[in-house]
Amino acid sequence: MTEDQKQQSKQDEPRIGVYVCHCGLNIAGSVDCAEVAKFAATLPHVVLAQDNRYTCSDQGQAGIQKDIKEKKLNRVVVASCSPRLHEPTFRKTCEDAGLNKYLFEMANIREHCSWVHLYDRKAGTEKAKDLVKMAVAKATLLQPAEEIEVPITRKVLVIGGGVAGIQAALDLADTGYKVYLVEKEPSIGGMMARIDKTFPTMDCSICILAPKMSDIGHHPNVELLTNSEVSEVKGYIGNFHVKVLKKARYVTKDCTACGECVKVCPIVTANEFDVGLATRHGIYTPFAQAVPSTYIIDMNLCLNKDGVIVCDKCIKACERQAIKFEMKPEIQEMEVGTIVVATGADVFDPSVIPDYGYGKFPNVITSLEFERLINAGGPSGGHLIRPSDKQIPKRVAFIQCVGSRSEKTGKPYCSNVCCMNTIKDSLLIKEHWPDTEIYVFYVDIRAYGKGFEDLYKRARKEGVVFIRGLPAEIREDKRTHNLWLIGENTLKSELYRTNADMVILSIGLEARKDSETIQRLLTLSRNQDGFFLEAHPKLRPVDAATGGIFFAGCAESPKDIKDSVTQASAAAARAGILMAKGKVTVEAITPIPFPEKCKACGLCIKVCPYNALTLDKEKKRVTVIEAACGGCGTCAAECTFGALTQSHFTDEQIIAQIDAITEYDANKKTVAFCCNWCSYAGADFAGVSRMQYPAHARIIRTMCSGRVSIKFIERAFARGAAAVLVSGCHIGDCHYINANYQTQKRVERTWKKMEQNGLNKERLQLLWASAAEGEKFATKIREMQSIVENVKPEEIEKTQKVFEKALEGS
Amino acid sequence: MPERIRHPPLDKEKMEQVQTEIHLIEDQCKGCGYCIEYCPRKVLEESNEINARGVHIPKVSDISKCIMCSFCTAVCPDFAIFVEEKPARKVKED
Amino acid sequence: MDSSDATVKQVRHRILEADKLKNCFECGICTASCSMAEMLGNEYGPRKLLEDIYANPEEALASEAIWVCAWCYRCYNRCPQGLKVPEILLSLRKTAVERGQTQAFDKALQKIVKHIPLPLIATFVCYHPERAGLKNEEVIDRIEQIREEMFGAKKKEKTGKSSKEKIAIIGSGPAGLAAAYELGRKKYAVTVFEALSEAGGMLRKAIPQYRLPKKLVAKEIEFIEDLGVEVRTGTEIGKNLSFEKLKKDGYGTFFVSTGAHKSQKLKIEGTDLKGVTHALDFLWDANLDKKIEVGHKVVVIGGGNVAVDAARTARCLGAADVTMLYRRSKEEMPANLREVEEAEHEGVKIEFLVSPKKILGENGNVCGIECTRMRLDEPDETGRKKAIPIEGSEFTREADRVILAIGETPDLAFLPKDVELNEDGTLWVNPLTMETTASGVFGGGDAVTGPASVIEAIRDGKRAAVSIENYLKTKKED
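Protein chains in written order, with the working numbering: chain A, 1 to 810; chain B, 1 to 94; chain C, 1 to 478.
Careful, some of the hints might be misleading.
Straight line, CA to CA, 27 Å or less: simulated DSS-like cross-link-like pairs of lysine-lysine [claimed, not checked]:
#1 Lys-408/A with Lys-394/A
#2 Lys-65/B with Lys-792/A
#3 Lys-290/C with Lys-478/A
Calculated Cβ distances over 12 Å to all of chain B for the following chain A residues [to be verified]:
#4 Pro-211
#5 Ala-257
#6 Arg-280
#7 Leu-373
#8 Ser-380
#9 Asp-444
#10 Phe-452
#11 Arg-460
#12 Thr-546
#13 Glu-789
If you're looking for bench data, these hints aren't it; they were derived computationally from the structure.
Just so you know, even glycine gets a beta-carbon here, dropped at the ideal spot from N, CA and C.
Next comes chain A alone, as it looks inside the complex:
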């Protein structure tokens, strides 16, 4: 935009164009768009108001651009879907037509209106009108802004060394970027290194993984940090400052993996890699093809753990003198531009299902233990033996859906890989021991992928018997340790009592217990099952909502190897896009200081989660480091002197929206403040899921709930609103690290004031809801309906008197 244009739009009267979208029948089905458009035309400063079918289409966008040029529009309002979806689209439309992209505003009349009031056309249309009114009121006060550019460090941090992490690291390293691959375990490889063969091709898993692992070990662009954990992440997209804790191995790189030390080590314990089915020593390598091949000492068990060299057998045995007990953990710091999270998943522990006897009956094992038993490099040399007597079983039973698809035990979702895993396992057994009978007890066989159905048919051809009906219980014969499975064959409607020598439970995948740590470090969201939440389930499946962070593999949801690798390459490509550009633009929603009002109290600096404000005590002014600013707006809400406001979410703009809501029938409405990342997204999710709730709420969007200052709440009440809802991310999960603590403080202060003045503090509600908790949001709105209906006129009058000071100035 040229200087002239800038000047023009600042001084000129606002000329607003309003477009009300039908979105096919998505909006038009429950909202009268023509009526809303007609209403919009009556609002001040609106020179054009029309309704169209698909505003986001090429045609629709071209129409807007034409109107901007011909009708000299200098503000555009589109009433359609959620800004989280199409704000960037329309901003570009405006920019291409020569209008500054910050002069555009959206009203969400789909996710927040038409989809949630499907059966109340009248109320939905009235609400849509209010939402358009709010958007127009804000648009009137919008000012043009320029985005600043920030350089991107061309380095990547990949957290997790499973097949997804390895693939992402290789793709990025091959592109030419420097990659830091951090892995918690002593070796990379993850789950894939443990399994025997992969479906549907029946490739040997470690054989196809080992070359990739070796590539990582040798790649000039990859710095491999195993036995390490990420301990701190600061910064923002393109400029992350990361600290990695490298735990001590006590063995240097001189180790040649000769294994002489293992022979003399007196400590013997269960090997985690073999899921406890084999032993290892105190000094060990997790498995034969480990990368790096350097051995490691388990200091929790070593006799020298108290710092005194009590046992020096391994030191003496090592010809290369590679064992150094003095090694200490180190912290390595690094600057990276993007982060790929590939931390993987955990498995379900079936000991919480007592009827299956896992842990009590020796011959009931999990599918992971089965993989280790049948693996030629495993504890039994590839012989499938019964743990009780080490004999080959003659009849084996697989039980599906253990810990998956269950509301009570385990998780409610389907773990994706277990059906195919069982089919593959049954074929492996038949390959080696063709006379072994195999029974698979299932509810549904999910063989959706390429080549999966063929594998299933192969299993049927080999004589694997599939019985639809899970066993209710497993009982053991005390003497032989054989097992009985008792269940119902649902296709025949008959009870079965099958004998089996060995039972394999097909356990499900669960989110890792330490994903909470990663979530805190990187301010990510997780869904209710504990997996990381992507920015958009269809259109941005590998992006995190936080810029610059991407997901790959089972960290995002359970999946097989092909999908993990695909997702890893996708994440690498997305990270590559950012880094190829070399710079990223920072959204112009940073604070605007008014030095003449500043009293240098320093409160704004205290609440900033990014340390993006500095105070010059002499000059009594506050300066903003735009590049570091996250855009939460908490500083603006904290300042009681009006010396700070947030660009594009100024006090005046928000107050204009509050006033627009409360102009008519304020006593029947709730003024709701929702934060962009969690609660607004949660409300969107409620809309996408078509959850129905009453139409009394009008949502004002802020980037963070920390932007909501006390005077906004007071203003809403002073204008006669029936209720106010403030909602944000869960405490501890705030997208802006900890800004929502301020929200809590402010709401509590307001509650206190209401109580002291004899007002019903139930009328101010505080809701913490994540982006996945659409149901929670809908429930809260339903609950508040009774509050809105039952508020008495005297109460409203009293509230208005108490808060009338908030009406001063606007």
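Chain A is already provided as a structure; the job is to place chains B and C on it using the hints.
Frame of chain A, contents of chains B and C only:
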């Protein structure tokens, strides 16, 4: 990976610890306490017995934890303590 | 559920949503756990019924299947979705009664009399609530009528078959009586040995009168005796008569159904104070109509069926304030949900997450209990969440009577060594044949499963009877 490891290792006989006997030459001990302090498995503790030198000598608190690292032998200034493997059990019949 | 506009569609919608039937993925675990499905064969199964609610709700309401559920809650305990199948069936029953579709109830009674041993007891303890609006007396009469039609008029039989195949049933609880019922009908020579002075086991000892009138137990025992079965009360195997002596007397086959009557001891101070009793002793005394000083403030410790029965009996006897203390939460409570609801209805208070620490006494009498609050932690090996005491949360509550009901275990010391037991003291049996590790010795009921419901014991008795028959037939062929 699963924290609760439910099945014992198939080769769990390897985890069986060596059976040891700790021999103390009582009157040579000067009660310095090094063997008690530096034993990595905390097998020894101070007893109430007093030897000819007038000091408390160590006693075994839990012989099953002893792993025969022989550090007590190495650290004793007076060569007053040593560890031996208990004689092997009866050899299995062929 | 309002009765005025209960259309079938509304009922179905409500069950799908509120009772969570939408989550059912038809795994068949409910039918596999169901005690009735086993005894009734392919004609009945909860899964089929749930499917009918989806596909054909009218038919579901009119079928006799909804009246046949015995409320043992085994399906609920095992269902991966946690569906409360008995509750779903109850709402169907209520709807059927409102719509006047009660013909199915009579058909159900006929099925019960045909296939289930001890139908009178089962109908009263197990198949309640909601007997299609009929009064108890009407139902008793109808069952006896059907039984007479099916099995012929009452007449005293002589001991049938050859007296070589003498079968000894040790314990006259529901499992033993059910086995006797089935074997007697097949004309085997059966003797039932009972340690107490009256037969019936828990039916007489623990289940209170208002749940199971004494006369029904008497009627069933009369029927069994008419079949030629000998019931010897006052004979405790292991005390009055040894197991070996039984063998010498010519008994070749045994069915061990001694139940679980050994009350578990609570290892805290004060259990020997006056006013502290074990629940089983308390209930036995109440059932013998002995005069009991039940006190004013009764505290029952425990959360199982026996605890609930003790609490309700205490209320019946006139205690003003009866409270149950259970150390875990409502979801983990092992007692039958129906019983708990009825108890709460009758005024029994239940406090969760509380555990007794010490029983306080004054002059040798109970005056109070010191308790701590508990919190739930990760599940242990039984799959239930462990209860951990919260430090410093001790509090005292007044009580003048304490009834301990923390669990019962079987007492199987009288059995020969070749009959192996499980780690928890229960009898190990082959789940298909109910045979123990000793050939010819079978087991069933609470002695095998630990404390469970009456219908499960009846099922065990029937299963064992079939198995004993097979065993004797193959023995004969050898």
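Status of the hints after comparison with the structure:
no.	hint	verdict
1	Lys-408/A with Lys-394/A	violated (33 Å)
2	Lys-65/B with Lys-792/A	violated (75 Å)
3	Lys-290/C with Lys-478/A	violated (44 Å)
4	Pro-211	holds (24 Å)
5	Ala-257	holds (21 Å)
6	Arg-280	violated (9 Å)
7	Leu-373	violated (8 Å)
8	Ser-380	violated (6 Å)
9	Asp-444	holds (26 Å)
10	Phe-452	holds (26 Å)
11	Arg-460	holds (31 Å)
12	Thr-546	holds (28 Å)
13	Glu-789	holds (51 Å)
Hint compliance for this structure: hints 1, 2, 3, 6, 7, 8 are broken, all remaining hints hold.
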